[in-house]
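Protein chains in written order, with our numbering: chain D, 1 to 115; chain S, 116 to 230; chain B, 231 to 345.
Any given hint could turn out to be false.
Unchecked claim - Result set (BS3-like, lysine-lysine): computed pairs, CA atoms no more than 27 Å apart in a straight line:
hint, chain 1, residue 1, chain 2, residue 2
1, S, LYS203, S, LYS173
2, B, LYS234, D, LYS88
3, S, LYS203, B, LYS234
4, S, LYS119, D, LYS4
5, D, LYS88, S, LYS119
6, B, LYS234, S, LYS119
As the list claims (entries may be wrong) - Cβ-to-Cβ under 8 Å is the rule here; a few derived chain B residues that face chain S:
hint, residue
7, MET231
8, HIS237
9, ARG243
10, VAL247
11, LYS318
12, THR329
Since the hints were derived computationally from the structure, they do not count as laboratory data.
Here a beta-carbon is modelled for each residue, glycine too, at the ideal position from N, C-alpha and C.
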Amino acid sequence: MTIKRFHGTSRGRCRAVAHGGLVYAVATDTGSAPTVAEQTRSTLAILERILVEAGSGKGRLLQATVYLRDMVTKAEMDAVWCDWIGDKDNWPQRACVGTDLAGNDLVEIVVTAAA
Amino acid sequence: MTIKRFHGTSRGRCRAVAHGGLVYAVATDTGSAPTVAEQTRSTLAILERILVEAGSGKGRLLQATVYLRDMVTKAEMDAVWCDWIGDKDNWPQRACVGTDLAGNDLVEIVVTAAA
Amino acid sequence: MTIKRFHGTSRGRCRAVAHGGLVYAVATDTGSAPTVAEQTRSTLAILERILVEAGSGKGRLLQATVYLRDMVTKAEMDAVWCDWIGDKDNWPQRACVGTDLAGNDLVEIVVTAAA
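Here chain D stands alone, though its shape is the one from the complex (with noise of 0.2 Å):
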């Protein structure tokens, strides 16, 4: 089964990686917005694109990880989330916690999709 990678600006990693219907993508803010829902949308916006290049789309998640770096700011977050996802056939497993996160990034969304 061969493995396709989708490589962005960073080295050593890639923003979507898919093998055997499956795509794993990862996004975050590239403009260091300054609240979170902001940095949602981007992020969000970003993942979906992301997404249909590799194959996939917001429709076929499977599993979300978010990472907040602070979950005070959770309903805010969530508030994006769930306009973005709409309606039920589109909701992935989802877990959100709180974590540190690099330069000014306060969220960053890791995902598991079907091809």
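Using the hints provided, position chains S and B relative to the given structure of chain D.
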């Protein structure tokens, strides 16, 4: 390949998703029990029900991530985990890391399992 | 589909599990080296042995999560990572987040790889 989603009470995400012979599931204690031991027991009982409902079971776990609010409680969580997971034929690859969690959650467990 | 489990010295969990063309593996430094660079080198050497033992290898990585005790050390970890991972054909989707870790661990790496 079809995606089967198992909805819980949360908006925007599922307790479990089944696809391609794999089940992705998450559980946390819903009762805000005061100790890690109690929350772990409750979380694992909920996880087991979700796995069975999604066509898997604790003997089919492949990968687990245990998120703990306080790593000082890892031994307490581990004692309950080892009691639950049983013999060597059940042991998944597992990582345990300390993160912030939502509400009063002291532990949250995410797994990938074979259907 | 059979599940093949690779047991280490820890109770209740495996170093790696192979199933359905995928390998799930975790590694951390076992010697409590004092720097992130040393722990990352040791962790990646252990990970590579585990992957090979489980029928995969570093050229077959799909998804990686790097847990760092202190995100200030990310550049130090990244230098070792990039040296180890080699050319673009090997790069997995990767996320790096700051979490608390067990004992004296400064870094822990979890991967999904193709068999």
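We went through each hint and held it up to the structure:
1. S:LYS203 - S:LYS173: holds (12 Å)
2. B:LYS234 - D:LYS88: The hint is violated at about 35 Å.
3. S:LYS203 - B:LYS234: holds (11 Å)
4. S:LYS119 - D:LYS4: holds (25 Å)
5. D:LYS88 - S:LYS119: With Cα atoms ~11 Å apart, LYS88 of chain D and LYS119 of chain S stay inside 27 Å; holds.
6. B:LYS234 - S:LYS119: Roughly 25 Å between the alpha carbons, so the hint for LYS234 of chain B and LYS119 of chain S holds.
7. MET231: holds (6 Å)
8. HIS237: This hint holds: HIS237 of chain B lies near chain S, its Cβ roughly 6 Å from the closest one there, short of 8 Å.
9. ARG243: Cβ of ARG243 of chain B sits 4 Å from chain S, so the hint holds.
10. VAL247: Holds - the Cβ of VAL247 of chain B comes within 8 Å of chain S, reaching about 5 Å at its closest.
11. LYS318: violated (26 Å)
12. THR329: Status holds, d = 4 Å.
Violated hints for the displayed structure, listed by number in ascending order: 2 and 11.
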